[in-house]
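Protein sequence lines correspond, in order, to chains A and B. Using UniProt numbering, you'd call the opening residue of the first sequence number 1 and step up by one each time. Using UniProt numbering, you'd call the opening residue of the second sequence number 1 and step up by one each time.
Hints are computed from structural coordinates only; laboratory data are not their basis. Don't take each hint at face value.
Identical copies look the same in the list; a pair holds intra-copy or inter-copy alike.
List time: in silico SDA-like cross-link candidates among lysine to any residue, alpha-carbon distance up to 20 Å [as the list claims (entries may be wrong)]:
#, residue 1, residue 2
1, K93, I469
2, K573, W315
3, K196, D585
4, K502, S62
5, K205, Q630
6, K59, K430
7, K471, V127
8, K116, Q507
9, K116, A512
10, K196, P159
The chain contents come next:
Protein chains: 2
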Amino acid sequence: MLSSLYVSAVLAASLSAVTAQTFQRLGTCPTLGCVLPPDQQDFLPGQQFDIRFEVHAPKNGSEAFNGGVPDDKFTATISKDGRSPKTISSFFKISEPAIEKWTFSWFEDLFAKDAKTPSVVNVASKVYRRVALYEPGTYTVTLKYYSGKTTTATWAVRPLATKKKAKNVIFFIGDGMTTNMITAARLLAHKTVNGKYQSLLQLDKFPVLGHQMTHSIDSFITDSANSASALYSGHKSTVNAMGVYADSSPDAFDDPKVETIVELLKRIWGSAWGAVSTAFIADATPIALTAHTRLRSQYGALIEQALNGVTNYSWPSAGGPDAYFGGGAEQFLPGPGSYKGKDYYAEFAKHGYSVSLNKTGLLAAPNNKKALGIFCKSNLPVWLDRNIFPENTKKLNNTPSGASGTATDLPGLKDMTLKAIDVLHTRAGKGGFFLMAEAASIDKQMHVLDYERALGDLLELDDTVQATIAKLKALGELEETLIVVSADHGHGFDVFGSSDTKYMAAQDDDRAKRDAIGVYLNSGLSQYTSPPPSGNVSYGTGPNFPLNWDPRYVIAAGLGANPDHREQYGVDKSGPRVPAEPVTDDDEDYYVNPTDRPHGFVVNGTLPTDQAQGVHSLTDVPVYAMGPCQDSFGGTYSNIDVFYKMAECLGLGQPTNKTITDKGRRH
Amino acid sequence: MLSSLYVSAVLAASLSAVTAQTFQRLGTCPTLGCVLPPDQQDFLPGQQFDIRFEVHAPKNGSEAFNGGVPDDKFTATISKDGRSPKTISSFFKISEPAIEKWTFSWFEDLFAKDAKTPSVVNVASKVYRRVALYEPGTYTVTLKYYSGKTTTATWAVRPLATKKKAKNVIFFIGDGMTTNMITAARLLAHKTVNGKYQSLLQLDKFPVLGHQMTHSIDSFITDSANSASALYSGHKSTVNAMGVYADSSPDAFDDPKVETIVELLKRIWGSAWGAVSTAFIADATPIALTAHTRLRSQYGALIEQALNGVTNYSWPSAGGPDAYFGGGAEQFLPGPGSYKGKDYYAEFAKHGYSVSLNKTGLLAAPNNKKALGIFCKSNLPVWLDRNIFPENTKKLNNTPSGASGTATDLPGLKDMTLKAIDVLHTRAGKGGFFLMAEAASIDKQMHVLDYERALGDLLELDDTVQATIAKLKALGELEETLIVVSADHGHGFDVFGSSDTKYMAAQDDDRAKRDAIGVYLNSGLSQYTSPPPSGNVSYGTGPNFPLNWDPRYVIAAGLGANPDHREQYGVDKSGPRVPAEPVTDDDEDYYVNPTDRPHGFVVNGTLPTDQAQGVHSLTDVPVYAMGPCQDSFGGTYSNIDVFYKMAECLGLGQPTNKTITDKGRRH
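Next comes chain A alone, as it looks inside the complex (with noise of 0.2 Å):
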């Protein structure tokens, strides 16, 4: 069965790849009989999920079959290791849903795109909702369709852990941290003799290290939302999508759904769990561990389904958050940006949660209540300016209660962690916590191409986890907790050499600007580890933490896909960047911006005029891991693998539908 599949696939993706490669009809269905989840993907044995089967009609363009009309009596089987197939409804016990229709289109290539000629898809589907595969091994999906179609899906259920062999998990995620920020981290951040490190990252001490792969399921570049999807419920997706397989229905909440790990938890062992971030708390990576949704930008329904659950199909419930921690008081703000316009500090208020807007509040909140923090509207200011240049916080017009003015009092990354496995520690029961901290701005900083605001925001994750460290060391949870460190995607970031900043500037010509930079031996050593020449500024910032932010030689670095921007290296003390914008308001032709890094040469881009920012790159990421488990996390894997790992060492795969009796849980 498998050797015929690969035939079939291989020539169908040859044919339609051909023609369909910066769009796709529906990228995990090649063939116009769609399995979803698709072929080659693996479950955690009892993960509850959904199934949906569609039958494309194409009415026009290269596919165009059957005159637009999707063939509605398709029918679908299951069988496990080669025993004979039932239907689904049978196979799992539910009743048959009902055949469900709609039309969408998409463009073939960037010439039909350009000529306006979309291609056009008539679609019969139908959906089981809810089901889940309790044994161990290897299960084929056939679809039949148009009197003779045949689409398979080999899916693989992977061994049983009924073990909980870590009582806790803290899973830290630097968003688009690569290796090569890191490196650069380092250097900033921690003082060379003679080719010697005098201290090194938390990062760097490690027992464990691993690499894992950050592709997408239909595309080799991925976003954060599906990259923190497959971590969290060991199922690839689609760009924008989260906890769904996409389907190519109109209505963004009606995709085939998978159980993640926060859910898992909570019905297996009623363990707590929190979110910490420093963006806003809604934003892909700290939503996707409830978010259920091809839609990434649905954020006010989506802080419900994380207190709620998802309402609108039966669906096991996370329960709500334990901790909660971060920006985006626009999605509880009554108004645009919450659900049905509602109050959503006051709707978490009625869960008994605590509610905190700033730090002294947070840190004041009991430990044994829930607790809800949001300091601010949108991301938190990154590192850099919260402690080296706080001028720079104070032009934002961003109060998490709404008030004008601007959001002071903020809490750091580490503040909010530690505050969280407080927290956590307080409320967890046998079941334990997992808790996910997201670095949020290292990413955000590096689509601006503002190296050391990123970098900032990676020296305090570092910071952050080596504090993790110490504080379950003092609440003695330490040998019981798997601490993970990783990624969800990289940006082409890497150094190259330094910059002579005073040089750049005394040059008139882009040309000239440009012998300012160093390589090889000329790149020299660190300067951010040296005391400022004046002698008589401390930013107070610790020893993991540069010295001098703002020296003549800084880094000279830079990322393989640009916009349109002025490279001039070193800080910028008056805020975040904005490396390109259009000539109009209205118009999304991106240019250099004439204002940012005045004393720098101007470099065209590599990306589509379109895109104002630097975007994502392929790099397999890093995995740090220490504590129980830890080993399972060395050499190179998927990024789903990190979940199951996760899983594995909590217990996650059960053989039956294990559900922790309300009376087992805390509350």
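Please arrange chain B on chain A, whose structure you already have, making use of the hints.
Same frame as chain A, now just chain B:
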């Protein structure tokens, strides 16, 4: 002692770093008194090395001192773990050397360079040759000069490691290879179905993964000489230097040396050893096994050193390689490229070597004799040109015999490596063997932004590692062989999307061409693993390489640092790339090459305009290990630790001047 040293080092560094960064007087010597090896260096017990002291008297410039007269009455002592200090000659029981004097000059910064105002330094120096420290612990070396000035160096001798745990070590170096490139190579050569790889790289299957930091002793960006030397000797050095600490003297061969892994192996265990490279064999990575020089460009002299060892000073000899395969006939043919104009084919033959000049000869060479194989002038043509576009190799005038015409019947990295194993396995006695095999053109092709050619050579390396494992298994040596695969440094490369080559070629202006690039979801799937649409192209390159090197949708990739160039993406079928060239032949001001990538768009550079190519980058590089001692290679560490891990596994840390008798050696 240590803490007061830190204080003075910090002050000194902050003073001198303000003036000197792009250029340094002597990178390991921020004060006017220099100890080489400098502060903070590590040693293997019994590893032989030289010690040099220098006292600097700058005549002019910001550091001008003592009227430019260096103190030639300086004194130096050494003490262990707080015992009373002894003079160097009494501690090591060697005679006191004579004072040497010289003058050198340097520029303090780019303004001084532009103004042509060098700083001139007079030097007094002494060098103590061929000493060793046998007792693990901390040693303090104190240089006193100018009646009261002091420079202190603290050295650490690592623990003894007397037991040989691995019989053999095979060390693969992907020159310039990063995790980002490995990720891209996997995408090109291995097929995914719905996000799941159907096969993997051999590197992906290694049980242990680590990261090593590649920076120099005196600059944060390294070159391949310096980094190879750190990997082979446990001592970081300066760009262009190998097997020595760079001093300030004009002689490129009098710098203080350190013993390398093959010199140690030959002296202690009489092991066989070999080097294989796709570069010219006198290039940095292969030659650093035996080279002791500050100038890597002394190619002819370094081949003489490889064959006969250091002859101007008493020094342990590595005894000449048992297998030595690569390009670089220029250093073997009698003429300007060879040492003293001699015929080094004849010199090697005199020492009992078989000499092969093509693949047929290589494969036929006897396994029980030492073997030299030089297959072309300069570097070997890359895998892509040897295997996919062989017409390109026919343009070259590169026969290894010196006859006019093209080198034919070329071996690849796999052929050379497997033959080297046959020779080494046959010749090795109880002492086992050490083989270094280098994929050199990953680096060389990244330098010229030729992503496909670089990735082709990376895939050749991976294929070679796979074949090596199979070979060792067949020989019954796998369990006794430590295999390490790593790199010497990176290039800031990453893939950020796909590009529609057809669409780009059809657009007229540079901004419109950039619209051909698809990012995130629009990156789509790799077309390199699908057969070409015509269905009738087969390169016959097997399962570990792409099926189609020239699909319509190609990877869009970039480096953070470039000369002016044109980006078109996709393979260049006409041969390796020249991205930038000067307007006139004698010029060093590089502009985009008007004949390169004619359908692409222009990207102005981010490097000094005298740079014709891309440059190395900062990033930590991966280390893959399997076999005896594999677990010691996990986590994050310095490149020198790769040496110590290998040396400790090989029992090279000895408490006496252990030297195998001639009887014990194989010749």
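Just pull the numbers of the violated hints for me, sorted ascending.
1, 2, 3, 6 and 7
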